[in-house]
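**Student:** So the chains spell out like this:
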Amino acid sequence: MARSWRIAAAVLLASVAGGASAAGDEVNLFAWSEYVPQGVLDGFTAETGVRVNYETFSSGEEMMAKLLSGGSSYDVVQPPDYIAEALIQAGLLQELDFRRIPHLGNILPEFLHLPDDPMQKFTVPYMTGTVGIVVNTEAVREPIRGYRDLFQPRHKGRIVVLNDNREMITWALYTLGIPPNDLTAENIARAKPILADWLKLVRVFDSDSPKTSLLNGDVDLGIVWSGEAAILYRENPKFRYVLPAEGAHRFVDVLAIPARAEHVAAAHRFIDYVLRPEVSKKISDAFPYTNPNGAARRLLSAEQLANPASYPASSPRDTFRSAGKASELIDEVVTDLKNGR
Amino acid sequence: MQPLLPSTPTSGGSRRPTVRAWVLLAPMLAWLLFFAVLPLGILAAYSFCQRDDIGRIVFSFSAANYARVLDPGYLRILGRSLAYAGATTAICLVMGYPAAFFIARRDARLRGRLLLLVMIPFWTSFLIRTYAWVQILKGHGLLNAFLESARLISSPVEWLYTPTAVIIGLVYSFLPFMILPIYASAEKLDRDLLEAAADLGAGPLRVFSRVAIPLTWPGIAAGIVLVFVPATGMFAVTDLLGGAQVPLIGNVIQNQFLQARNWPFGAALGVVFTVLFALSYALVQRTPRWERSAPP
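If you're matching them up, the sequences are chains A and B in order. Residue numbers for the first sequence follow my numbering, so the first one is 2 and each next one is one higher. Residue numbers for the second sequence follow my numbering, so the first one is 203 and each next one is one higher.
One or more hints might be untrue.
Said to hold, decoys possible - Pulled from the structure, derived: some chain B residues nowhere near chain A, Cβ distances all over 10 Å:
1) LEU231
2) GLY343
3) VAL427
4) ASP441
5) GLY445
6) ARG488
As the list claims (entries may be wrong) - Only pairs whose alpha carbons sit at most 25 Å apart, straight line, appear in this in silico DMTMM-like list of lysine to aspartate or glutamate:
7) A:LYS326 to B:ASP273
8) A:LYS67 to B:ASP255
9) A:LYS157 to A:ASP198
10) A:LYS326 to A:GLU143
11) A:LYS201 to B:ASP273
12) A:LYS67 to A:GLU333
13) A:LYS201 to B:GLU360
14) A:LYS326 to B:ASP255
15) A:LYS193 to B:ASP255
16) A:LYS193 to B:ASP273
17) A:LYS122 to B:ASP255
18) A:LYS326 to B:ASP254
19) A:LYS122 to A:GLU263
20) A:LYS193 to A:GLU63
21) A:LYS193 to A:GLU27
22) A:LYS157 to B:ASP273
23) A:LYS67 to B:ASP254
Since the hints were derived computationally from the structure, they do not count as laboratory data. Beta carbons are placed, not taken as given, at the ideal position from N, Cα and C, and that holds for glycine.
Model the full assembly from the supplied sequences, consistent with the hints where possible.
**Tutor:** If you want it as structure tokens, here you go:
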């Protein structure tokens, strides 16, 4: 999910080259960048003869914008939970035929029937994770337990955060004790002055690859996706992952089939393929998020399961809900704050 | 007046385009219609619409988007973008003019090779080259290592994620767009004219300002437009080298289309932006002072 520009360029080329294939033997996948290993796509093609065109996005909002524009036809999309909820409400996803997805049984019960798709009719969990704090413990000696410890004036210029407006507002809301989905104008207004102080301390805003500035040593603290934190920990255990004391949320990225998909049968085959334990394990090897696939988890090494960013001792239960009209206000507030730095 | 685009000869006066001319022009006109006029028309139409809860376009007329563009916050962003682009253009001009002039004065073989050097960076993707700058400018990167080993600095300087890094990235990206048009003008510049001016008593500065600059003005003007316009709208360099700390107008427009899903507002920003550039283009196109004062 480390959302990357380079990949987008490569994929653009690949999708141009792939435009000429006959219908019926391909599936158009629209997914996060750096989230689906090429080996998985190749394995699916080798087994079924169905070619996969992998087009990427770098935020759930971007994914929805492109799906709404109707410019391209996608067969499998990979929205985060709260975007999936909005898509379901707008009638943009189709009900899945679960007789064709027998491997759904591999998914752990705690990741099914979540608020975005309570009847589990439209989506299948792909990977899940949290958003938390990474600390370079060689550079920062004091304990960092949450957002308040992180955003201290003495850490000015040493912080990277996700360049994601909804995330930023959420951190401030948690600090105020407000649940992340109470996105009223009043609550956002209360979060604004807190965020105003915080954003002045930030050196880098990066959703694509926040690990880069931490690895380069340009910053020592960050609020990042747990998968990025897991890769950092794998590189060097000095990078510790902390779930903020004030509150943290988890995200569940799902697979779904748009209402207007053209290759519905191939899309179902692809989704079921991804749910196989050995395939799902390959995804965890490359991108160490929290795997919701119980059968796949049994195949992971002890070392993988011991990575505290991938498998924290206790996982938060909060998930984002569709923001609706509030997303506009959130964008306005954050743009305003960054503008006033 | 020296237009940026080669003007059609008008010496024939009343000559009217023939059928053949229209046929020859047809591909260009079709291209302009489909890839310039039509998209701009859609943009203009969207800019008066509204969005629904999840971001689909609702076709109900509203000028609210334009009122929001005039919000002081967005005007400040626009001002900042123009400042970045202006600084980039000025640096590109100061660096690019001597380089272009120098290349144009070499013999044909060397000229070809030097021009190739200017264009080689285009063989690699722009984003990959920008990532390379991250490696150069980072705290323990090449630049600081070099400066430290040369004993010019004692501790690493913070280059990356600063406005300086953004300007470096922008100048690096757009310098060739300044050099190439100026080169094209300078190459055609008749050396005898410079010598004649010197023989008639003009000092080097005067030769440069009264002869060289006016005669290469079309190249300078084209270079300014080619650098200034894309530099104002650029968002990738600000994100990657500037750490996305302060928004520029390109970031704001991109945000409206991909993050906030407010296409109508993004379209309104785009339209204002386009109009501003049409105006600045007209300004650059205007007859420079030295030509207006010259006898017809």
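**Student:** Taking the minimum C-beta separation from B:VAL427 to chain A, is that value above 10 Å?
**Tutor:** The assertion about B:VAL427 holds, with a minimum of 26 Å to chain A.
**Student:** Run the distance test for A:LYS193 versus B:ASP255: straight-line Cα separation, threshold 25 Å.
**Tutor:** Given that 25 Å is the threshold and the Cα spacing comes to 22 Å, the pair holds.
**Student:** With the threshold set at 25 Å, check whether the alpha-carbon distance from A:LYS67 to B:ASP254 stays at or below it.
**Tutor:** The hint holds at about 15 Å.
**Student:** Does A:GLU333 lie within 25 Å of A:LYS67 when you go C-alpha to C-alpha?
**Tutor:** holds (21 Å)
**Student:** With the threshold set at 25 Å, check whether the alpha-carbon distance from A:LYS201 to B:ASP273 stays at or below it.
**Tutor:** Judged against 25 Å, a Cα distance of about 22 Å means the pair holds.
**Student:** Does A:LYS326 pair with B:ASP254 here, judged by a C-alpha cut-off of 25 Å?
**Tutor:** holds (8 Å)
**Student:** Given the hint that A:LYS193 pairs with A:GLU27, does the C-alpha gap stay at or below 25 Å?
**Tutor:** violated (47 Å)
**Student:** Given the hinted pair A:LYS193 and A:GLU63, is their Cα-Cα distance within 25 Å?
**Tutor:** holds (24 Å)
**Student:** Has the given pair, A:LYS326 with B:ASP255, been kept, meaning a C-alpha gap of at most 25 Å?
**Tutor:** holds (5 Å)
**Student:** Hinted pair, alpha-carbon criterion (25 Å max): A:LYS326, B:ASP273. Please report holds or violated.
**Tutor:** holds (20 Å)
**Student:** Looking at B:GLY343 again, its CB stays over 10 Å from all of chain A?
**Tutor:** With a cut-off of 10 Å, B:GLY343 comes too close to chain A, as the shortest Cβ separation is near 8 Å.
**Student:** Could you grab the alpha-carbon distance between A:LYS193 and B:ASP273 and see if it respects the 25 Å cut-off?
**Tutor:** Holds, because 18 Å separates the two Cα atoms, which is no more than 25 Å.
When held up to the earlier numbered hints, the structure conflicts with 2, 4, 5, 10, 21, 22 and fits the remainder.
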